[in-house]
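Visitor: Just so you know, the protein sequences line up as chains E and B, in that order.
Here numbering that gives the first Met the number 0 is used: the first residue of the first sequence is 0, the next is one more, and so on.
Here numbering that gives the first Met the number 0 is used: the first residue of the second sequence is 0, the next is one more, and so on.
Warning: the hint list may mix true and false statements.
[Claimed, not checked] 20 Å max Cα-Cα, derived EDC-like pairs, lysine to aspartate or glutamate:
(1) E:Lys479 <-> B:Glu47
(2) E:Lys100 <-> E:Asp3
(3) B:Lys45 <-> E:Asp3
(4) B:Lys18 <-> E:Glu489
(5) E:Lys236 <-> B:Glu23
(6) E:Lys159 <-> E:Asp136
(7) E:Lys113 <-> E:Asp158
(8) E:Lys236 <-> B:Asp26
(9) B:Lys18 <-> B:Glu47
[To be verified] Covered by chain E, according to a simulated footprint, are these stretches of chain B (three or more residues, beta-carbon under 8 Å):
(10) 8–15
(11) 62–75
[As the list claims (entries may be wrong)] Here are some, though not all, of the chain B residues that point toward chain E, as calculated from beta-carbon distances under 10 Å:
(12) Ile31
(13) Met36
(14) Leu39
(15) Arg48
(16) Ala50
(17) Pro51
Calculated from the structure, these hints are not laboratory results.
Virtual Cβ for every residue (Gly too), placed ideally from N, Cα, C.
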Amino acid sequence: MKADIRVALVGNPNTGKSTLFNALTGLNQKIGNFPGVTVDKKTGYCSLPDGRQAEIVDLPGTYSLYPKSRDESIVFSVLADRKSTHTPDLVVVILDASNLKRNLLLYTQVADLKIPVIVALNMMDLAKSGGITIDIDIFAKKLGVQVVPIAARKLEGIDKLKEAISYSSKLALQESSIDVSTIAPQLIAQIGEEMQIENPYFALQLAHQHEHLTFLSAPESDRIEELELKHSFHSQKAQATETIARYNYINDLLYDTVHKAESADSETLSNRIDKVLTHKVFGFIIFFGILMFMFQAIFAWSAYPMSLIEDLFVWVEGLVHSYLPAGPLTNLLSDGVLAGLSGVMVFIPQIAILFAFISILEDTGYMARVTFMMDKLMRKVGLNGKSVVPLIGGFACAVPSIMSTRTIENWKDRMITIMVTPLVTCSARLPIYTLMIALVVPNKNVWWIFNWQGLALTAMYVLSLVSAVIVAFVMKLILKGRERGYFIMELPVYRMPRWNNVLLTMYDRSKAFVVQAGKVIIAVSVILWVLASYGPGNRFEKIDQKFSKPEYTKTVPAADLKRIVASAKLESSYAGVLGHAMEPAIRPLGFDWKIGIALITSFAAREVFVGTMATIYSVDGDADKIESVEQKMAGAKNPDTGKPVFTIAVAFSLMMFYAFAMQCASTVAVVYRETKDWRWPAAQFAYMTVLAYVISLITYQLLK
Amino acid sequence: MSGYQIKKMRLSQLKVGSKGIVKEFTDLEMSIKLMEMGCLPGEEVKVERIAPMGDPIAINVAGYQLSLRMREASTIILL
Chain E
0 MKADIRVALV GNPNTGKSTL FNALTGLNQK IGNFPGVTVD KKTGYCSLPD
50 GRQAEIVDLP GTYSLYPKSR DESIVFSVLA DRKSTHTPDL VVVILDASNL
100 KRNLLLYTQV ADLKIPVIVA LNMMDLAKSG GITIDIDIFA KKLGVQVVPI
150 AARKLEGIDK LKEAISYSSK LALQESSIDV STIAPQLIAQ IGEEMQIENP
200 YFALQLAHQH EHLTFLSAPE SDRIEELELK HSFHSQKAQA TETIARYNYI
250 NDLLYDTVHK AESADSETLS NRIDKVLTHK VFGFIIFFGI LMFMFQAIFA
300 WSAYPMSLIE DLFVWVEGLV HSYLPAGPLT NLLSDGVLAG LSGVMVFIPQ
350 IAILFAFISI LEDTGYMARV TFMMDKLMRK VGLNGKSVVP LIGGFACAVP
400 SIMSTRTIEN WKDRMITIMV TPLVTCSARL PIYTLMIALV VPNKNVWWIF
450 NWQGLALTAM YVLSLVSAVI VAFVMKLILK GRERGYFIME LPVYRMPRWN
500 NVLLTMYDRS KAFVVQAGKV IIAVSVILWV LASYGPGNRF EKIDQKFSKP
550 EYTKTVPAAD LKRIVASAKL ESSYAGVLGH AMEPAIRPLG FDWKIGIALI
600 TSFAAREVFV GTMATIYSVD GDADKIESVE QKMAGAKNPD TGKPVFTIAV
650 AFSLMMFYAF AMQCASTVAV VYRETKDWRW PAAQFAYMTV LAYVISLITY
700 QLLK
Chain B
0 MSGYQIKKMR LSQLKVGSKG IVKEFTDLEM SIKLMEMGCL PGEEVKVERI
50 APMGDPIAIN VAGYQLSLRM REASTIILL
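Please put together the full structure from these sequences, using the hints given.
Guide: This is how it looks when you write it as structure tokens:
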């Protein structure tokens, strides 16, 4: 879509910026990335009253143009890069009317860049009920810009704002706030002269931020550095001076425009809610109650849509087989592409539900309180209060949980959380654990309602949390933090969630997962399908010939014969060859080549393990026959020794392997998507595989 | 001086419910972040609550609630 005017939305966090963005653009929006960085770029389109199309860009919320996180560093880059196609023609600064003073700091910075600007004064209703009156006419006159009062949640004033956008001037008419050039007069003058920059504040910002601005060339950046040394420029001192000067200006500005009724220190509703929700005892009880409910819901509510999606794919695969001519292409389509696609789609319900909860918890302001309560505990192991939710979500599935780590601003804390989340026992490990435990752990009561099998499963869950904490602690020592760890954070007042925002988040996150992780998963599934369906030389033909002889076709029932053929083919396939080849490496863990095949086929997704075991031991792979997989596996004997294959040592070694090994293409893909650097998923895959191997080895050798 | 702490002290030493006025900061980098968020010399701060495990704390400043760690609060000197 071609836009006639490009508008950037800028404002503090929690001012209703996203609500305004949704109100302006409706469903007509998309999420992309700012070039070169992982920061989400939300753009949308909006029709103006004069018939023109405006492209609206939602910039990350920030308190100042001086960035404290990577998200925030985008704001100045976008506003300042005059050569790029993203440069806005107009900036709409959204201000929270109930907290005008703090919000105006960012406005004065943006205004001084001399980009055309409009003020959207949000939360007028909240300000009014807080006893604040604002003389909008005087306010607008003093600033020299259009000021539009709005209530974004109630969709009030949105049309007025659209009108203001269409009547906006192409020239920056706003009054300057402070005399910027006094902060570093010679430096600003010289940068301005050498780089032909007229605006003193723009020159000053370049001095502060030149190191991470991609639109500056290396020589330009080096030259600025030289000039800073020459004029002994101290970035932090200059920022402090500037901020104090701006607040002086703001105090003058507000003196006769904003009046606050002197109210006694009455307890606000938000405060009373906080007394309960962050209470020493009730706070934790409520938090764990909410987590249990979330966890339960992710499991329970997603079960039905997940099986619906699986059934749909089975049905489509059936259609493919009955309407397309039999052959390798049809098999590739159904067993490779469609199977891979269903492996992606099946996660949608869990992702959507997890993000619905997260977006409700964030919208209401509760998430900030969770962070507040858990921060000290989590900090001890190198995590952050905000790591709690991804870790707990990991019990369901690591994929949406890793996507949810975006709420963690601190880079190091976020990376550690991403690195350890896949260790938490996800739902895909459950079928493997239940199968192995059923094989070797007696179903006997220990005490009261507890039996050995249940205890073994609980132990696996506890182990996963403990290992995540230990790994996090080790990573805390290894990783070098790029930013200083802050916890200076606004605790927003409690508000009702915006339901259309919740729905949009569910939709956005699911779509982003399907599109971006999906590509990788399908590719891996296709490779695995090829490995399992083809073998070197003419081995497959020999198997077909062998089993088409009358001694087999006459004596063995057709269904059984089909399974025997499938199992023989799997052994001769490339995957089978690989299984045999890797046997020496996995023998010390107690695994034979058959388990080796399952390790390869379940490389993309752990849950494939049970299905592969079923094929290898020639049983139907479907879930209600787990009994029989179990029986066959229990009966499997080692051909050399005549002893059972699945001893306690082998079963536990295998469980340990799956507890620690990455074995999930979706997680690899999503870690890449979130970090935009292959080294992170590679490092994660490497450390988890090494850990899995070593712990399996120890387990097997001890229990043998 | 009713309600205010008379002795010169740090924000981290204030008890829940008591107030003070920001005088200066001991950490330049932290002071920029705090000032940008409206916590600047001359502002009144009130300790609203302390997290269950003793850290961080929540304060009321410039009409809203701000949470910060004890270590960060100790860089704020009060009048």
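Visitor: Now, for every hint given, state plainly whether the structure supports it.
Guide: To see whether the hints hold, each was checked on the structure:
1. Between the alpha carbons of E:Lys479 and B:Glu47 the distance comes to roughly 34 Å, so the proposed pair goes past 20 Å and is violated.
2. Annotation: proposed proximity of E:Lys100 to E:Asp3 is violated, straight-line Cα distance about 33 Å (limit 20 Å).
3. Pair hint B:Lys45 plus E:Asp3 does not hold up; C-alpha atoms about 49 Å apart against a cutoff of 20 Å.
4. With a C-alpha separation of about 19 Å, the suggested pairing of B:Lys18 with E:Glu489 holds against the 20 Å cut-off.
5. Straight-line distance between C-alpha atoms of E:Lys236 and B:Glu23 comes to about 14 Å, which keeps the hinted pair within the 20 Å bound.
6. Between E:Lys159 and E:Asp136 the CA atoms are separated by roughly 15 Å; this keeps the pair inside 20 Å, and the hint holds.
7. With a C-alpha separation of about 25 Å, the suggested pairing of E:Lys113 with E:Asp158 is violated against the 20 Å cut-off.
8. Under the criterion of a C-alpha separation no larger than 20 Å, the hint pairing E:Lys236 with B:Asp26 is consistent with the structure, at around 11 Å.
9. At most 20 Å may separate the alpha-carbon atoms for a hinted pair to count; B:Lys18 and B:Glu47 meet this at roughly 9 Å.
10. Counting residues of the stretch 8–15 of chain B whose CB lies closer than 8 Å to any CB of chain E gives 0, which falls below the minimum of 3, so the coverage claim is violated.
11. Proximity of the stretch 62–75 of chain B to chain E, defined as three or more residues with a beta carbon under 8 Å from a beta carbon of that chain, is established by the 8 residues found.
12. With a least beta-carbon distance of about 5 Å to chain E, the hint placing B:Ile31 at the interface is held under the 10 Å criterion.
13. Taking 10 Å as the C-beta contact cut-off toward chain E, the hint placing B:Met36 at the interface holds, the least distance being around 6 Å.
14. At its closest, the beta carbon of B:Leu39 sits 6 Å from a beta carbon of chain E; the interface hint therefore holds under the 10 Å criterion.
15. Given hint, B:Arg48 at the interface with chain E, holds; its Cβ is 6 Å from that chain's nearest Cβ, closer than 10 Å.
16. A distance limit of 10 Å between C-beta atoms decides the matter here; for B:Ala50 the minimum to chain E is near 5 Å, and the interface restraint holds.
17. Below 10 Å, beta-carbon pairs count as interface contacts, and B:Pro51 has one with chain E at about 4 Å; its hint therefore holds.
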